[in-house]
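**Q** One-letter residues, chain by chain:
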Amino acid sequence: MSASETSVKDASLRRRVRNGALGLGLVAVALYFGFMALLVYRSHH
Amino acid sequence: MAHAHTSDTAHHDDHHDQPATGIKRWLFATNHKDIGTMYLVFSLIMFFIGGAMAMVIRAELFQPGLQLVDPVFFNQMTTNHALIMIFGAVMPAFVGLANWMVPLQIGAPDMALPRMNNFSFWILPFAFTLLLSTLFVPGGMAAGGWTLYPPLSLQTGDSFPMLIFAIHMMGASSIMGAINVIVTIMNMRAPGMTLLKMPLFAWSWLITAYLLIAVMPVLAGAVTMLLTDHFFKTSFFNAAGGGDPVMFEHIFWFFGHPEVYIMVLPAFGIISEILPTFSRKPLFGATSMIYAIASIAFLSFIVWGHHMFADGMPVAAQLFYMMATMLIAVPTGVKVFNWTATMWRGSLSFEPPMLFAIAFLFLFSIGGFSGLMLAIVPADFQYNQTYFVVAHFHYVLVPGAIFGIMAGVYYWIPKWTGHMYNMTLAKWHFWLSAIFVNVLFFPQHFLGLAGMPRRIPDYAVQFTDWNMVSSIGGFAFGLSQILFAVVIVQCIRGGKKATAEVWEGTHPTGLEWTLPSPPPYHSFTTAPVIP
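Protein sequence lines, in the order shown, are assigned to chains R and F. Heads up: take any position in the first sequence, counting from 1, add 321, and you land on my numbering. Heads up: take any position in the second sequence, counting from 1, add 1121, and you land on my numbering.
Hints in this document: simulated from the structure, not taken from any laboratory. Please note that a few of the clues may not be correct.
As the list claims (entries may be wrong) - Okay, the calculated bits of chain F under chain R, using three or more residues with CB under 8 Å as the criterion:
| # | stretch |
| --- | --- |
| 1 | 1299-1305 |
| 2 | 1328-1337 |
| 3 | 1399-1412 |
| 4 | 1415-1426 |
Unchecked claim - Derived DEER-like restraints, expressed as beta-carbon distance ranges:
| # | chain 1 | residue 1 | chain 2 | residue 2 | range |
| --- | --- | --- | --- | --- | --- |
| 5 | F | G1260 | R | N340 | 26 to 36 Å |
| 6 | F | T1142 | R | N340 | 48 to 58 Å |
| 7 | R | V350 | F | F1502 | 33 to 43 Å |
| 8 | R | F354 | F | P1639 | 39 to 49 Å |
| 9 | R | D331 | F | K1145 | 55 to 65 Å |
What the hints assert, rightly or not - Far from chain R, some chain F residues (derived; all Cβ distances over 12 Å):
| # | residue |
| --- | --- |
| 10 | A1233 |
| 11 | L1273 |
| 12 | N1308 |
| 13 | P1574 |
| 14 | E1622 |
From a predicted model like this one, the values you see are computed outputs, not experimental measurements. The C-beta atom is built at its ideal place from N, Cα and C for all residues, glycine as well.
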C-alpha cells in the first residue's frame, strides 16, 4: 500500500466497489464494440 | 441505495499520515487531493497551450489576406486548439475539481479506486505529448477539424495514427475517471448522506460521469473505424467502397452533443454551490435543479441531428431534432430561474467566485439563446459554417464552462491551500476576462450573420473591422489569464490564513467547510454522521 493511500478493510464495501467498477467498465467496452458491430452489420445489409 | 458505514471501514495509520516526498508523491499518488492537484495543474498548462494556438488564429484573422501562417497551418491550429481545450483543459479541470471536492463533499476518505485514479491521470500527459508532437511529423498536425469528418480527416499525414491513439488514451482516461466518480458516490457516502442531501456539485458530476461512460466509447469506436478505413482498407465511411461518410457524422455527434453537456453540467453544479453561499440563502428549488440536470443529460442524447441539418435529412427528422433541441431550454430555464431566485432578496456580496458565477449566468444564457437560434432548421441553413456558430459555442464554453471552472477554483482554493488569495488581483482578473471575452466573441455573431465562413484564414474586406475588434479582445483576454496563474501561484506560496469556513459570515453549507483549511492529508478517516 502506498503511504498516501487510505485503506478500506470492509469486505462488503470492497466487493461493491469492485463490482460497480467492473460493471461500468463492461458497459463501456460493450458500447465500444457494440457500435462497431452495428456498423459492420449495417455495411453488409 | 445502501450506505457505506465508512466509520468502521476507513482504517487510519498515523505513520501513513504524511505524503511521500519528492517526485514519488506525484508519480505514485493515490490520494485524491494530490491527484486533483495534478489534474488542475495539467489543465492550466493545457489552457495556456490551447490559448497560444487561439492567439495564432486571432493574429492571422486580424487583417484580411494571409499574414502570418499558411492556410494548412491555420487549420492545424483550429483543429488542435479545440482538441486541447476540450480534452486537455476543460475536462481534466472538472475531473480535478471532482477529485478534490467529491470525497470532501460526501464525507468519503478518498476516491473508491485510488490506483485507477492515478492511472487515469498519468495517461493524460502521454496522450497530449503524443498529440502535440504531431506538430513535428511530416504533414504536420491534423487539420481537418476536431470533428475528424472523413474523407478530409483520412487525408491527414503521418500524424493520423498518433492522433487516433491520443484520442483513445484521452477516452480511456475519461472513462476510468467517470467510473471512479460513480463508484465513489454510490458506495462511499457518509452515513446519513442520502442522494437528495448530496451537494449539487457532486450531483452534477454523478450525472456527468454516466454521460461520459455512455458516449466516450462511441467516440473511441468511431475513431477506431477511421483508423481501419485509413490503414486496413475497410470502407465504413468511404463512399467509394460502399461506406457512408454521413454515418460518421451521426456517430460523432451522438458523442459530440452529450460532450458539450459533459463540459457544462459540472459548471452548473459549481454555480449552484457558489450563488447560495454569497447570497446567504439556501439554493432555490434544489431538488428541481437535480431533475433539471438529469433532464438536460437525457435530452442531450436525442438532439445530435441538429449538428447535421445542412447535410439534408427527412423533414420529420428535422422537426424532431429541432423540437427536441428547443426542449432543452425548459430545464435550462428552470436552472436559470432558480439561480436568479436564489439571489433574489439575498444579502449579496461580490467576492471573485460570485463575480464569475454571475457572469456565467448572463453570458452562458447568451450562448443558450444563440443555440436556440441555431436549432431552428431554416435559420441554421443560413448560420451553418459561419462565425455565428463559433460565437455560439465559445459563449457556451468560455464564459460557460471555463468561467465555471475559474469560479470553482476561486471558491475552493483557500480550502485547498489554507491561504486566502489576493482579492484585488482576482477581481482584476475577473473584470478583464468578463469585458474582453465579450469583445472577443460578441462581434463574431455579427461576422457570422454577415456571412463570414469559419475555418478559413482569409476573408472579404467588409469583415475587417469586427475581426480586428475580436482579435484585440482575444489578445487582451489571453493576457489577462496570466493574472489567474499569478493569483494561483501566490495563493499556493502563502497569504493570509484561511479559516475552516473560508468565506466568513456566509456560512457555506457542505461537509468540506467542516474541515480545517487546508484539510488533513487523509480527511474523513472516521466518517462524519449527517443528521
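**Q** Find the hints from earlier in the document that the structure breaks and name them by number, from lowest to highest.
**A** The structure conflicts with hints 3, 4, 5, 6, 9, 10 and 12, although it agrees with all the remaining ones.
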